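Novice: Please build the complete structure, drawing on both the sequences and the hints.
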Amino acid sequence: MQYLLMIHRDEKTLQALTQDDASRLMAAYGAYTKAMSEAGVYVGGERLHPSSTATVVRVKDGKTSVLNGPYAEIKEQLGGYYLIEAPDLDAAISWAARCPGAATGAIEVRPIWAM
Amino acid sequence: MSARDQTEAARAAAARAARESYGKLVAFLAARSGDVPAAEDALADAFAAALTAWPAHGAPANPEGWLVTAARRRLIDAARRRRHAEASAEALALIDAELKAAEDEAAIPDRRLSLMFACAHPAIDPSIRAPLMLQTILGLDAAAIGSAFLVSPSAMGQRLSRAKAKIRHAGVPFRIPEREELPERLGVVLEAIYAAFSHGWSEAFSDDPRGRDLAEEAIWLGRLVVALAPREPEAQGLLALMLYAHSRRAARRSAEGRYVPLSDQNVALWDEAAIEDAERLLAAASQAGVPGRFQLEAAVQSVHAARRLTGVTDWPAIVQLYGALYAATGSPVVAVNRAAAVAQTDGAAAGLALLEAAGAQGAFEAFEPYWVAKADLCAKVGHLDRAREAYSLAIGLQTDPAARAFLIERLAALD
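Chains A and B, in that order, are what the protein sequence lines are.
Mapped onto this note's numbering, the consecutive letters of the first sequence carry residue numbers 1 to 115.
Mapped onto this note's numbering, the consecutive letters of the second sequence carry residue numbers 1 to 415.
Be aware that a few hints might be false.
As the list claims (entries may be wrong) - With the Cβ distance kept under 8 Å, some of the chain B side facing chain A (calculated, not the full set):
| no. | residue |
| --- | --- |
| 1 | L150 |
| 2 | V151 |
| 3 | S152 |
| 4 | A155 |
| 5 | S331 |
| 6 | V333 |
| 7 | E365 |
| 8 | A366 |
| 9 | P369 |
| 10 | G396 |
| 11 | L397 |
| 12 | Q398 |
| 13 | T399 |
| 14 | R404 |
| 15 | I408 |
| 16 | L414 |
No lab work stands behind these hints, which were simulated from the structure alone.
No experiment lies behind these values; they were computed from the predicted model shown.
All C-beta atoms, glycine included, are put in the ideal place defined by N, C-alpha and C.
Specialist: This is the structure in structure tokens:
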């Protein structure tokens, strides 16, 4: 089964990281991605630009509205994701627990609806 | 005593009864019917009633008897509701009489060991045995257990329910096995307790305070088994093993919260009382002359603990113990530990050769300690690229942020 691991974290604390801490975090993510690839779990994944760059689009009664900012103004924003292939939810949870972001924010694990 | 003090005292009495008596009362209430969920529900109602009645009237002189009486009413009501399906009036009268006798006698028989054997029965899925014991003996909820075992609370709740239904419908017995099958069956109980301890241990420094509790709850279960089955060397061995590991908890992090490997730990921070407790248990276990997995693992920890007195680690002794342990279990995890110990006695190249032989047999892609050992040994023999690769995998597999930071430093130190 495929699962989406959505990494939610506080953008303010992320921006406040020192250069050293930021490069350590990048190294941890690099190692995490590599471990997932080696285990045959990794399908895909990307980092997102901060939520200040987000735009929300809606069409209501034929009228399009375009708004600046993220869908919801909350402290922890979606900052990136991994798409993984795992035998079951337990395996997906164990990979989520290893994500560096799990220690600083929260990882939401959602099964992909197979079409 | 003011009304407020009385309320607090009654609350404290209920909390104490919950910790000390929960498993005993579940085991007692479920022993005849095999119906653990019914016993748990009845007991939960009894505790809820205690929280209102005790502050109002003061805690009873015999809290367990009071709780059994309250739970008994609920059980009888529930049994009556499905009487036509399962229980005859005669059976009901029997349950009633038995429960009543217990409430009159102050002493309720302690059947917790039987309940543990039911939870760790071969018919029960191995992965749910430890969670089942934590719930039935200690009353932990599915969310707390799920967090420690990295399973969602709803999935953990469903698995616990299924396992309890199986105990009842398959007629899993609440009894202590006969002498000849006891060692094997006790081994399964001990494995489950150790699984609970290991989960509590690896979570011990996460932000979740329940993690710290789980290791202590497992030690509590270990003490209970030793108390209820005092002549079982492996039970003593397991308790000793857990106490040795627990004795080092204050030394595993620096004042700044950084990870400290065993070899660098300040032995003054080890808990002397816990170590002495463990040494006594291990000595008592060895009297029986029947070595086993837990005694051997505890003996390894005893050698490590001796460093607090001698200042050095007796690696040849550890290599010998891991050799015996590997012969007994064939466990790939033991093979990794043995290779790391051999690297101390015969050099990094010899250790690495053993480790790679183990790696060729076991599936270690997602086993972090293997990659840490491999990285350390590759670095020592000068294979820096292979060391980098192995550290990188270990970092990616580690869940503990402090241990991850430690590995990232080691990786950086290679350059």
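Novice: Each of the hints needs a verdict: does it hold here or not?
Specialist: The hints, checked one at a time:
no.	hint	verdict
1	L150	5 Å, holds
2	V151	6 Å, holds
3	S152	6 Å, holds
4	A155	6 Å, holds
5	S331	20 Å, violated
6	V333	17 Å, violated
7	E365	5 Å, holds
8	A366	5 Å, holds
9	P369	14 Å, violated
10	G396	3 Å, holds
11	L397	5 Å, holds
12	Q398	7 Å, holds
13	T399	5 Å, holds
14	R404	6 Å, holds
15	I408	6 Å, holds
16	L414	12 Å, violated
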